[in-house]
Amino acid sequence: MVRYRNGLNPIWQLRGEMDRLFGDFLGRANLLPAEGAPQRGEFPPVNVWQRDDAVLVEAELPGVKSEDLEISVTGNELLLKGRRNDFEAENVAFHRRERRAGEFQRVLRLPVEIDAQKVEASLTDGVLLLTLPKAEAAKPKKITVKTQ
Amino acid sequence: MNAESTLNKVEAGAVDEASRSERTRGGTYYQPNVDILEKENELLLLADMPGAKADAIDVRFEEGELTIHAPVTERQSDDAKYLLAEYGVGDFYRTFRVSEQIDAAKIHAEYSDGVLRLHLPKVEAAKPRRITVTAQ
Numbered sequence: 001m002v003r004y005r006n007g008l009n010p011i012w013q014l015r016g017e018m019d020r021l022f023g024d025f026l027g028r029a030n031l032l033p034a035e036g037a038p039q040r041g042e043f044p045p046v047n048v049w050q051r052d053d054a055v056l057v058e059a060e061l062p063g064v065k066s067e068d069l070e071i072s073v074t075g076n077e078l079l080l081k082g083r084r085n086d087f088e089a090e091n092v093a094f095h096r097r098e099r100r101a102g103e104f105q106r107v108l109r110l111p112v113e114i115d116a117q118k119v120e121a122s123l124t125d126g127v128l129l130l131t132l133p134k135a136e137a138a139k140p141k142k143i144t145v146k147t148q
Numbered sequence: 001m002n003a004e005s006t007l008n009k010v011e012a013g014a015v016d017e018a019s020r021s022e023r024t025r026g027g028t029y030y031q032p033n034v035d036i037l038e039k040e041n042e043l044l045l046l047a048d049m050p051g052a053k054a055d056a057i058d059v060r061f062e063e064g065e066l067t068i069h070a071p072v073t074e075r076q077s078d079d080a081k082y083l084l085a086e087y088g089v090g091d092f093y094r095t096f097r098v099s100e101q102i103d104a105a106k107i108h109a110e111y112s113d114g115v116l117r118l119h120l121p122k123v124e125a126a127k128p129r130r131i132t133v134t135a136q
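These protein sequences, in sequence, are chains A and B.
The first sequence runs 1 to 148 under the numbering used here.
The second sequence runs 1 to 136 under the numbering used here.
Any given hint might turn out to be false.
Covered stretches of chain A, as calculated for chain B (at least 3 residues, CB under 8 Å) [claimed, not checked]:
1. 42-50
2. 94-107
3. 133-147
If you're looking for bench data, these hints aren't it; they were derived computationally from the structure.
For each residue, glycine too, the CB sits at the ideal point set by N, CA and C.
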């Protein structure tokens, strides 16, 4: 297993452990990597949270240029694909080599249908932020109760 | 370049992790992943520090100890409803002990796409010299 970064918040680590022990500890059965994909130690690691109107996905992609990144949404599946260029390793000796290079691909199954036409993405200082608006049908509806 | 001396240097480690017990800084921080390469004229350190700001990154080199610190502020509000949380967001901090002779005045760095590139030029004496043997 490759851990991308040391010192993960212990609470989240615990949550991960619980999920592995009991499965779907916090009711997140839908947010699983798509079939066939390995589950732990994937690159890039992501944080996913939601608002009433959208699901937000953030990924740390230091050293990845926007032109080397491919993002697509099909239904409720999000594909993150790209490559991080290797360092030209001629005439050098490595004292440390911890940064991952090469191709990566990750598929996330989101808990709701996404309006693929309105997805927005930004890449700033190596942080990718995706705003994935929920499809109309998936948004919570506020029902007003009329008084008579 | 003398291949044997380079090999010895790698084994001896021109760059070491500074002793953790010397660290007095409190709070939560994350160790950035790094590549450290030795070239003929410099050591080059690449550190993944996504979300940092170039003007806030603090690099210090004192008595052979290199310290990198980048403050990173939380990007989400505390009440964000996480569906998946695979990494934490906070300051990056890491120290190294550099045994190679470095010209501290010429250290320079760039930051782009979340990666810090730190150049540590070797002092003249530490650079390998090619000695030509002439036949008589």
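Verification of the supplied hints:
1. 42-50: Holds, because 6 residues of the segment 42-50 of chain A bring their Cβ atoms closer than 8 Å to Cβ atoms of chain B.
2. 94-107: holds (count 7)
3. 133-147: violated (count 0)
The structure fails hint 3 only (numbered hints given earlier).
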